[in-house]
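A.B. asks: If you read the protein sequences in the order shown, they are chains A and B.
Under the numbering used here, the first residue of the first sequence is numbered 1, with each subsequent residue one higher.
Under the numbering used here, the first residue of the second sequence is numbered 326, with each subsequent residue one higher.
Please keep in mind that the hints were generated in silico from the structure rather than gathered at the bench.
Do not rely on the hints blindly, as some may be mistaken.
[Unchecked claim] Under the rule of at most 27 Å between Cα atoms (straight-line distance), these lysine-lysine pairs were calculated in the DSS-like manner:
(1) LYS92(A) with LYS225(A)
(2) LYS436(B) with LYS68(A)
(3) LYS345(B) with LYS68(A)
(4) LYS7(A) with LYS68(A)
(5) LYS345(B) with LYS80(A)
(6) LYS345(B) with LYS92(A)
(7) LYS499(B) with LYS151(A)
(8) LYS436(B) with LYS84(A)
(9) LYS84(A) with LYS499(B)
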Amino acid sequence: MAEAVLKIKNLCVDFLDDHTIVPAVSDLSIDIFPGETVGLVGESGCGKSTTSLAIMRLLDTNNARISKGSIELHGQDLTKLSEKEMQRIRGKEISMIFQEPMTSLNPVYTIGRQLTEGIVLHQGVSQKEAETIAIDMLQKVDIPRPEIMMKSYPFELSGGMRQRVMIAIALSCNPKILIADEPTTALDVTVQAQILDLMNSLRDELQMAVILITHDLGVVAEICKYVYVMYAGQIVETAAIDDLLNDPLHPYTQGLLNSMPDRWQGGDRLYNIPGTVPLPGTEIKGCKFADRCEYCTEKCRQAPPPLVRLDEHRSVRCFRSAGTQ
Amino acid sequence: MNRKSQSVYALAFHRFMRNKQAVLGAVIILGLVFVAVFAPFLTHYDPIFDQDYNAVLASPSSAHIFGTDDLGRDTFARLVYGARLTTAAAVLPVAFAFFVGVPIGLYSGYKGGFIDQWIITRLVDALQAFPSLMLALALAAVLGGGFLNAMLAIGIGFLPAFIRITRGQVIALKNQEYILAARSIGCSNLRIALVHILPNVMPTLLVQITLAMATAIISEAGLSYIGVGASPEQPSWGSLLRTAQSYLVTQPWVAAFPGLAISLVVLGFNMMGDGLRRALDPKIKQ
Chain A
1 MAEAVLKIKN LCVDFLDDHT IVPAVSDLSI DIFPGETVGL VGESGCGKST
51 TSLAIMRLLD TNNARISKGS IELHGQDLTK LSEKEMQRIR GKEISMIFQE
101 PMTSLNPVYT IGRQLTEGIV LHQGVSQKEA ETIAIDMLQK VDIPRPEIMM
151 KSYPFELSGG MRQRVMIAIA LSCNPKILIA DEPTTALDVT VQAQILDLMN
201 SLRDELQMAV ILITHDLGVV AEICKYVYVM YAGQIVETAA IDDLLNDPLH
251 PYTQGLLNSM PDRWQGGDRL YNIPGTVPLP GTEIKGCKFA DRCEYCTEKC
301 RQAPPPLVRL DEHRSVRCFR SAGTQ
Chain B
326 MNRKSQSVYA LAFHRFMRNK QAVLGAVIIL GLVFVAVFAP FLTHYDPIFD
376 QDYNAVLASP SSAHIFGTDD LGRDTFARLV YGARLTTAAA VLPVAFAFFV
426 GVPIGLYSGY KGGFIDQWII TRLVDALQAF PSLMLALALA AVLGGGFLNA
476 MLAIGIGFLP AFIRITRGQV IALKNQEYIL AARSIGCSNL RIALVHILPN
526 VMPTLLVQIT LAMATAIISE AGLSYIGVGA SPEQPSWGSL LRTAQSYLVT
576 QPWVAAFPGL AISLVVLGFN MMGDGLRRAL DPKIKQ
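Okay, chain A solo, but in the shape it has when bound (with noise of 0.2 Å):
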């Protein structure tokens, strides 16, 4: 198998409120091969978001920081690089879309303009070859007439196209990582599609790797290849995709997978897992799950379940299924 672009090991990240310490993200370990999507699944809350700010070392200083663990890019640790030389990994080596393509464009500068920016920034070319090489990502990502996008303005444009020029920003200087932080949750469900499609054919294309952190299985089921299931900032399961729609072998696991409405059965309720994910920063001596699982047992509430290795892709962190296997 070929080398990990990306290892990402005990990754603590805790949140400086006042004078408290509140652990946010703890003990992360992941691997990230090239040409390869991963999925970061949970609910709200659960540290996804800061994973990924955490990767960029975007996290603001004033109230968060990485604790404990690395973060390597091609066995460079990046928690140890200075501002100035994340700013030249960030856009080249690692980029990044968001959430809301809505908000995510500067209004006062042309697409043209916002698209050169980074090409400019990394490769050091001038602004008419930043513009070719513009024109050339806006086709990549099936924009029609980029000539024509190159000078319009964001608000002239609907929520898939700003997500492709979204993703044609990301992607103009060849990173080899993408981080797609809820990339498509702010589209509806057929520019969803087209969105995960491009994804899809641009990694293949481009060889990246791309980290996709969202809270819709449905999502993860299209493009991801391997899963890591989060919760109250701990991974709780990792599987290979069709793994862990067929057996998923964490409660929180189970509870998301019941949690999302059957196409084939209409009329009954929707199941949905009782509480809410523990606010970062409660103590809890056990099974951060304990409260809303159904399984759960007296042991479960003594001690924390260590993240168990089953084979190679695939481990969990509850004492129910580590320890009848």
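We have chain A; now place chain B onto it with these hints.
C.D. replies: This is chain B only, laid out in the frame that chain A set:
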């Protein structure tokens, strides 16, 4: 998509041009600038040295259409040349407040933390606690009188507004997704502040600039009126009023024309500022 793409400013310009009141304001201000630039062509009197002792405090006539003052100087000439000082009074303090206040506001809002909350904001609060005319007077007392010092004093009085407005806007904007997006493609902090945030603050600042100019003209007139601004021989509209005060009952026209001029120009700036606010406000769409 076939129509020509237009920038925020092009759209705002169209909206502005459709607002009759705003256009009238702009015309008044252009008129002021025109008079200031072409002053020597509008009158053949010198505003300081042409003193006609045979026509002291003369009422308006064909020789002196706005009458003369207590030294027999032509009021029209003094008003016309005074437009230069008034234009300077509108521009200089605001330019000072803009070029000093906006960078401080940008830094403070973008950086946040201790310097922002405990030093800059507190200093601004302290500065704001002084009534602006008192502040100007105190500064004039320290720096000495004179037109330029008055301008500086008024400019310092405007600092809090410019710092606050910029800081507030930056704080609101810096958490926008497009700023995060700009950081995610590798922009430096300086670049983000100047290239990505500042242009988005400019519409608000533009409105503030116009309205501050109106206030600046009034402040300058006020300072000259009480005698710490322009020196008495300089034809500032404020010093014209000061001279006129003694003759308010017997020769009211001496005060009327400079008073009218000040009111008209301030009204012009206010109408234009209001028009700009309407034109640039993204919430007002048509």
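A.B. asks: Can you confirm whether the C-alpha distance between LYS92(A) and LYS225(A) stays at or below 27 Å?
C.D. replies: Given pair LYS92(A), LYS225(A) holds - Cα atoms ~24 Å apart, limit 27 Å.
A.B. asks: Is the Cα-Cα distance between LYS436(B) and LYS68(A) 27 Å or less?
C.D. replies: Holds, at about 25 Å.
A.B. asks: Is LYS7(A) close enough to LYS68(A), meaning Cα to Cα at most 27 Å?
C.D. replies: 14 Å, holds
A.B. asks: Checking one constraint from the list: CA of LYS345(B) to CA of LYS92(A), max 27 Å. Satisfied?
C.D. replies: Distance of about 50 Å is beyond 27 Å: violated.
A.B. asks: Run the distance test for LYS345(B) versus LYS68(A): straight-line Cα separation, threshold 27 Å.
C.D. replies: Judged against 27 Å, a Cα distance of about 63 Å means the pair is violated.
A.B. asks: Within 27 Å, alpha carbon to alpha carbon, are LYS84(A) and LYS499(B)?
C.D. replies: 19 Å, holds
A.B. asks: Check whether the Cα positions of LYS345(B) and LYS80(A) lie no farther apart than 27 Å.
C.D. replies: 60 Å, violated
A.B. asks: Taken at face value, is the distance from the CA of LYS151(A) to the CA of LYS499(B) at most 27 Å?
C.D. replies: 25 Å, holds
A.B. asks: Hint check: LYS436(B) vs LYS84(A), CA-CA at most 27 Å. Holds or violated?
C.D. replies: 16 Å, holds
Hint compliance for this structure: hints 3, 5, 6 are broken, all remaining hints hold.
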